[in-house]
Amino acid sequence: KGEIADVAAASENERVPIHPETLERVRGSRVPIGEDARTRDGRAMRVVTWRALDARGDVAYFIRAGYVIEDIRRAERKLLGTLLVTTALALIVASLGGLFLTTRALRLVDRLTRAARAITARNLKERVEVPPSRDELARLADTFNQMIARLDEAFERERRFTDDASHELRTPLAILRSELEIALRRERPAEEYRQVLQRCLDEVLRLSHLTDDLLLLSRSESGRLVLNLAPLSLDAICHDILEQMRPIAATRHLDLTLQESEEPLRVRGDPQRLRQLFLNLLDNALKFTPPGGRVTLRMSRSEMHARVEVEDTGCGISPEDLPHIFERFYRRPSGETAGAGLGLAISRWIVQAHRGRIWVESEPGRGSRFIVELPLAEMAEEGQ
Numbered sequence: 009k010g011e012i013a014d015v016a017a018a019s020e021n022e023r024v025p026i027h028p029e030t031l032e033r034v035r036g037s038r039v040p041i042g043e044d045a046r047t048r049d050g051r052a053m054r055v056v057t058w059r060a061l062d063a064r065g066d067v068a069y070f071i072r073a074g075y076v077i078e079d080i081r082r083a084e085r086k087l088l089g090t091l092l093v094t095t096a097l098a099l100i101v102a103s104l105g106g107l108f109l110t111t112r113a114l115r116l117v118d119r120l121t122r123a124a125r126a127i128t129a130r131n132l133k134e135r136v137e138v139p140p141s142r143d144e145l146a147r148l149a150d151t152f153n154q155m156i157a158r159l160d161e162a163f164e165r166e167r168r169f170t171d172d173a174s175h176e177l178r179t180p181l182a183i184l185r186s187e188l189e190i191a192l193r194r195e196r197p198a199e200e201y202r203q204v205l206q207r208c209l210d211e212v213l214r215l216s217h218l219t220d221d222l223l224l225l226s227r228s229e230s231g232r233l234v235l236n237l238a239p240l241s242l243d244a245i246c247h248d249i250l251e252q253m254r255p256i257a258a259t260r261h262l263d264l265t266l267q268e269s270e271e272p273l274r275v276r277g278d279p280q281r282l283r284q285l286f287l288n289l290l291d292n293a294l295k296f297t298p299p300g301g302r303v304t305l306r307m308s309r310s311e312m313h314a315r316v317e318v319e320d321t322g323c324g325i326s327p328e329d330l331p332h333i334f335e336r337f338y339r340r341p342s343g344e345t346a347g348a349g350l351g352l353a354i355s356r357w358i359v360q361a362h363r364g365r366i367w368v369e370s371e372p373g374r375g376s377r378f379i380v381e382l383p384l385a386e387m388a389e390e391g392q
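Here the sequence shown is numbered in the working numbering, starting from 9 and rising by one per residue.
Restraint-style ranges between C-beta atoms, simulated for each label pair:
| hint | residue 1 | residue 2 | range |
| --- | --- | --- | --- |
| 1 | E200 | G300 | 33 to 41 Å |
| 2 | D210 | E164 | 32 to 40 Å |
| 3 | G106 | L223 | 51 to 59 Å |
| 4 | H332 | L209 | 30 to 38 Å |
| 5 | R254 | T151 | 53 to 61 Å |
| 6 | M312 | P140 | 37 to 45 Å |
| 7 | L91 | E134 | 48 to 56 Å |
| 8 | H332 | R254 | 29 to 37 Å |
| 9 | P331 | L104 | 51 to 59 Å |
In short, the hints are calculated from the structure, not lab data. For every residue, glycine included, the Cβ atom is placed at its ideal position computed from N, Cα and C.
From just these sequences and the hints, can you work out the full model?
This is the structure in structure tokens:
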């Protein structure tokens, strides 16, 4: 029960309304009370009411102030509308972008699926197109292509082994069959039977040697053949092989000589495979050198490598044959000596497995020289 002491307002419509119940609430409150209200013309206001105490602590009067917030509310509504529209547009754009990315990803996955279905043991040449972007999908496609390439290589090894085996085994088996059929057509003296059995035994030994070579190449290409590497003397191996081949050279009237290195040659290698390597090279040189010729085994040493050369004065190798000389089952058209054509292929694998190099220098009519370089033992150990 009091009176309004003063009123300040921009206009009559903006006067702060007074509610008795609000004054009663403020009287017993310790903090100002704020509330929403409306002006006389219906615009939104925010009103704060507080009490003023006299010296005795009694309520002397009330202070009630308000501010028209209609413009703020209008701005809020406008901002809310803008946010709703923007959010809706963002959702639409995000949905379209997600649909595009999903479609793109599924398209690549679909290509992978079709390629996987199209691949069989006889058709491993299919590849998936790798997208230019270097993202996860591109890496997936690249990994898929690498997997197919490895499968293709594995199947190719199996096909090559089967083809090579069937091709090379056909001739000795045909010889065995013909020898036995001829021997069984009529009664023969014991000496003739002995000769037939000897020829059959020769073919069986040839078959056994051929089978061993085929298995060696197959295991080497598949990585299943493990070398027993250890430091060893290359001089000793070459000496032993030379002595082993001297009787063969003598029967063919060939001069077999050794030129030793001034310094010892120690390499890290598999003694069995290194013996096989130099036996193949010497045997090859003896086969293609006519009687009266010379085969030289020459050893030398550089700063990092042991070098072994097998040189002959045979018929030589034509320039057309040189690029193919280390291929499996390759035979020189001019060669008169029989063989499966596996020795040089095996020799190349042995050298590569020892981290070395092998190559040939030749001139038709003047002979050939096969050169092998292997890392010295200390260099091989440092490279591990």
